[in-house]
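As you go down the protein sequences, you meet chains A and B in turn. Quick note on numbering: the first sequence equals residues 773 to 1380 in our numbering. Quick note on numbering: the second sequence equals residues 773 to 1380 in our numbering.
Quick caveat, the hints were computed from the structure, so don't treat them as lab data. Heads up, some of the hints might be wrong.
Stated by the list, open to error - Pairs of lysine to aspartate or glutamate residues, derived as EDC-like cross-links and limited to a Cα-Cα distance of at most 20 angstroms, are as follows:
id, chain 1, residue 1, chain 2, residue 2
1, B, K942, B, E918
2, A, K1351, B, E918
3, B, K923, A, E925
4, A, K923, B, D1350
5, A, K838, B, E918
As the list claims (entries may be wrong) - Pair ranges (Cβ atoms, derived):
id, chain 1, residue 1, chain 2, residue 2, range
6, A, L901, B, P957, 53 to 63 angstroms
7, A, K984, B, G1042, 56 to 66 angstroms
8, A, D1024, B, M1074, 45 to 55 angstroms
9, B, A842, A, Q1165, 50 to 60 angstroms
10, A, F893, B, A842, 40 to 50 angstroms
11, B, E898, A, F1346, 24 to 34 angstroms
12, A, F1346, B, F1346, 25 to 35 angstroms
13, A, F893, B, F1346, 47 to 57 angstroms
14, B, D1290, A, S934, 43 to 53 angstroms
15, B, F1346, A, T960, 31 to 41 angstroms
16, A, M1074, B, A842, 57 to 67 angstroms
17, B, S1007, A, D1024, 44 to 54 angstroms
18, A, G1044, B, L882, 50 to 60 angstroms
We put the CB at the ideal spot given by N, CA and C, even for glycine.
Number of protein chains: 2
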Amino acid sequence: MIQKKLEVIYKPFDKATRVPPGTTLFSAAHWIGLPIDSTCGGRGTCGKCKVQVLEGGAEITTADRKQLRAAELEEGWRLSCQAKVYEDTTVTVPELLRVPKAATMGVNRLVLLDPNVRKVFVELAEPSLTDQRSDTERLRDALTAEGFDMKVELRVLRTLPSVLRDAEFKVTAVLGGDRLIAVEPGDTREESYGVAMDLGTTTVVGTLMNLKTGMAEAVRSTLNGQAPFGADVISRISHGMQGDEAKTELRDAVLRTINTILSELYESAGVGRDRVYELVIVGNATMLHLLLGIDATPISMMPFTPAFTDPLYVPALDAGIDIHAGGYVQTLPVVGAYVGADIVAGIMATGLAREDKMRVFVDVGTNGEIVLGSLKRVLCTAAPAGPAFEGSQIRCGMRATEGAIEGVTLTDHVELQVIGGDIAPRGICGSGLVDTVAQLRLAGLLDAGGKMRSREEAPEHPLSDRLIMVDGVRAFLLAENVYLTQRDVRELQFGKGSIATGIKVLMDVMGVRATDLDEVLLGGSFGSYLNPESAKIIGLVPAVDVDHILSVGNTAGEGAKMALLSFRERQVAFELPDKVEYVELSGRSDFNDSFVSVLQFPELETVQ
Amino acid sequence: MIQKKLEVIYKPFDKATRVPPGTTLFSAAHWIGLPIDSTCGGRGTCGKCKVQVLEGGAEITTADRKQLRAAELEEGWRLSCQAKVYEDTTVTVPELLRVPKAATMGVNRLVLLDPNVRKVFVELAEPSLTDQRSDTERLRDALTAEGFDMKVELRVLRTLPSVLRDAEFKVTAVLGGDRLIAVEPGDTREESYGVAMDLGTTTVVGTLMNLKTGMAEAVRSTLNGQAPFGADVISRISHGMQGDEAKTELRDAVLRTINTILSELYESAGVGRDRVYELVIVGNATMLHLLLGIDATPISMMPFTPAFTDPLYVPALDAGIDIHAGGYVQTLPVVGAYVGADIVAGIMATGLAREDKMRVFVDVGTNGEIVLGSLKRVLCTAAPAGPAFEGSQIRCGMRATEGAIEGVTLTDHVELQVIGGDIAPRGICGSGLVDTVAQLRLAGLLDAGGKMRSREEAPEHPLSDRLIMVDGVRAFLLAENVYLTQRDVRELQFGKGSIATGIKVLMDVMGVRATDLDEVLLGGSFGSYLNPESAKIIGLVPAVDVDHILSVGNTAGEGAKMALLSFRERQVAFELPDKVEYVELSGRSDFNDSFVSVLQFPELETVQ
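Using the sequences and the accompanying hints, generate a full structural model.
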């Protein structure tokens, strides 16, 4: 999996990079911030991205023959988007994209605006007895002249003759890659939209993106309508195993959720559904299976195999998703049954596989997905963390909504941060739970084994009156009717122990220690809200300097946006599963050994 | 359009051929009867077709890099199916396909059995914790090992997990090209079928082909259900112009016809619909448009432009055609609005564009489509012949069904050949009409200008009592209540004059004379039944030796079968429209000039 890197030098800039064999000269340049000019975005059809190979070699491709003259080929000119590097290479780049539109997304990632959906306005010559080309050829020829390829589909063909003639042959072609999604009368280039969707087991977030400007026009999030069928993926799959009707029920539920979000997005931004051509969706493998009506049963059983891991580009109509009737749904690839497209999006958004820094990225949830590495090598795994971080199975646990305690500080009194501001707390959400446990450790009310002190054991402690008994179990009172029990602590120990073990196994496989880590990134809808210091104190993450533990937000959604706005980034995402090594924890003896050792909380001197 | 040919020599056979630049070494060998071994049929995925380039060159392709070792590339080995010829080349072929299955089809054309639909039986390793590949990857890896590529679609994915597990991972993959049409439990390789369909304006003929043996299992033909909406393409299109409902009516009518034929084929051959994976359909441009629900209006109006000419590969479900739910409908390409896929199939079936002989191929009907040429150059056109040849607009005309006079000989009495044998004739069909006119010419009862003699003008003629008057118009009595009128002769003169002019224009453009023609081929459901001598006497075809005027049968249907049974032949068909030059007759001054001159019948001494 690890290949010898090759050096590529770009003249006249003298910029150099090292890439795996088979990388194109175009991609390699893009990654080091040299945006080579291109209309077609690297599909080999516009001919603008040509470079001259000075040293090294690149075979002549069919696209080269089409776009370049024989004399140019002779002089070493090649289309950089087709030229794959198989030896150290030096090239001259004649022209960079002058004003690349770019946006900073994810974790400081610069993304060039180059969506897979393109709109091309053409004024076609009208047919005559000396020019009897078919409507398809006429349109294709015009698009080819502009550097675009086109595959026509039946749905568009059916009305193409009348659309062309009613519009007097002045039309805008809408392309999704090379598929002709629509032909619209007149010039509609200003109106081009797509949706990035993060399909979480619990929460679904959709962002309507303007593909012309790269800006978000509207955002909506709501609970996944499958929630009544179970809180986690296993219970959802179990429901589906009751039969075809149950499978349909699951699919319909999530489609209702998505389509409701879509109609709200359209309403809120004042954008018509017919101007929304693509939806990029990420989620764990189970969510993607259930969405597309694909049997997910084997994901839930040993040895945990999904039906597919590849990215799918599915007609929106087939998927049942309410965007343009000719539009497409793009799923990002998944690595395996428990490292899904949300994590692939996270790797994109954090740039983890493209930078030199050694980083660990953790998406904390019912399953803790963990990615460790740098551009040299990337490992990943999934650790079953149980429901503690989502706030369920916790006596006073609740989701992170109004009334939830999300932050806790213990001094000689209790300071609470409650979602919704100055209101009476109703329960504890995941981040509040982690804070409480960490603060109890710091306050000396919880030992390294996880045992809570009783009021009798700490009579002098300023918070001793908070140490109560609930149904015969020790507990710590946070607010009226809201407390943390000894059992809750055990649940958290199990959860954090599982994730910490996963991290440890990956670090062992990679051969790195905590001191080798440049950064720890906490992501996911829950992880982002964790207090880094608390995460460290409870031993959820390795003992690095707390400044190097970063919340990175909804990386899944960010990755989906990047893939929506940039064809290149999407290609990078497609290749990630081959670059990422999955480490299966089930059945690993070192997992079980480690697990026992990390159930404990770290000694305080090691984490402060 | 005409390119310099390059020489390719195949060692150790010392067989040589001359091909256009860009032809693959594999195709060129196939065309001269050297079937190079291949599992994947020339898709670049099996690696079996490698040849060693001794002289000339072939660039290294991505497929070469995948399939061949570096040392082999160094020694000049290339995949012949990927290696395109751009200079004179000599290669060594290590291995020919030992027992190529082949069938003679069309006009003496040897077709190697290599259908686009392939079935591959695989026994997959069951998933385990050390092998967690997705179901898709598992299947793809097994197919890749056998030399096949595969693209998976949502419909198959939905049930893939349960199909694999229920069948204990022993399944048959059904591929249409690289699309995964189905995954079937167990080994079903023996059951693989497709349908070749000739969608005529008047008649629709379907043949159920066994893709394993290459044999026809059943044939059915019936009238096109669109007949009530008009006899010819123009009236059908006019009906459709009444609105969307009328368009739907037309589409539904032909779909009913096709699906009825299909169910009869299945019934008759005892073959399940779920074992029929592909339907190759040919027809004129209008028929294909109406079948697929594509607006055909511009075909009927100057300047006569179709919506598409490309071959389409459409999911059978989208097209509404009752084969396997994952199956595909393949249309062959059309050359233009009035030279359709039926003619492209005819060019395939006759081999007109692949042989040295100079030939003219005429499909006689309401439109006479004409193709002239050889492997060096091919011209085609369409001549509006009017309804005479189909038997309509003729006083006693009828279709070629029971009771129709289909053959006539005049001596001192009248000899009739009637469809259905020894029954009373009810009318005249096209071939009977042509025979009658030719025989009247020979009998001296019709002059070169087309004027019929009256009983008064030929009182001594043994057939003079057959010369009658009907409603004040001269006529020739063939049988009780069945006669040919002077007006009928005029109709035929118009029809044959139009076709003869078309032929003449093409011969002028090509620069050939009648003596240069090696053969005249009469095709189509009507042309095949024409008496070659009569066709010559009335001047429908050029004055060549009558032995060189051949009926070639239903070439459209034959071409469809060839494309169904052979992926290579299909590729050849796809390329035909680029190789065939269309000559538009409308607005051509020489067409109008010629037309007047060929309305006359030829002098008898020139045609006997």
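Hint check results:
no.: 1; hint: K942/B x E918/B; result: holds, 15 angstroms
no.: 2; hint: K1351/A x E918/B; result: violated, 25 angstroms
no.: 3; hint: K923/B x E925/A; result: holds, 17 angstroms
no.: 4; hint: K923/A x D1350/B; result: holds, 18 angstroms
no.: 5; hint: K838/A x E918/B; result: violated, 32 angstroms
no.: 6; hint: L901/A x P957/B: 53 to 63 angstroms; result: holds, 57 angstroms
no.: 7; hint: K984/A x G1042/B: 56 to 66 angstroms; result: holds, 58 angstroms
no.: 8; hint: D1024/A x M1074/B: 45 to 55 angstroms; result: holds, 51 angstroms
no.: 9; hint: A842/B x Q1165/A: 50 to 60 angstroms; result: holds, 58 angstroms
no.: 10; hint: F893/A x A842/B: 40 to 50 angstroms; result: holds, 47 angstroms
no.: 11; hint: E898/B x F1346/A: 24 to 34 angstroms; result: holds, 28 angstroms
no.: 12; hint: F1346/A x F1346/B: 25 to 35 angstroms; result: holds, 29 angstroms
no.: 13; hint: F893/A x F1346/B: 47 to 57 angstroms; result: violated, 30 angstroms
no.: 14; hint: D1290/B x S934/A: 43 to 53 angstroms; result: holds, 45 angstroms
no.: 15; hint: F1346/B x T960/A: 31 to 41 angstroms; result: holds, 33 angstroms
no.: 16; hint: M1074/A x A842/B: 57 to 67 angstroms; result: violated, 41 angstroms
no.: 17; hint: S1007/B x D1024/A: 44 to 54 angstroms; result: holds, 46 angstroms
no.: 18; hint: G1044/A x L882/B: 50 to 60 angstroms; result: holds, 57 angstroms
Figure legend: structure checked against the earlier numbered hints; hints not met, in rising order: 2, 5, 13 and 16.
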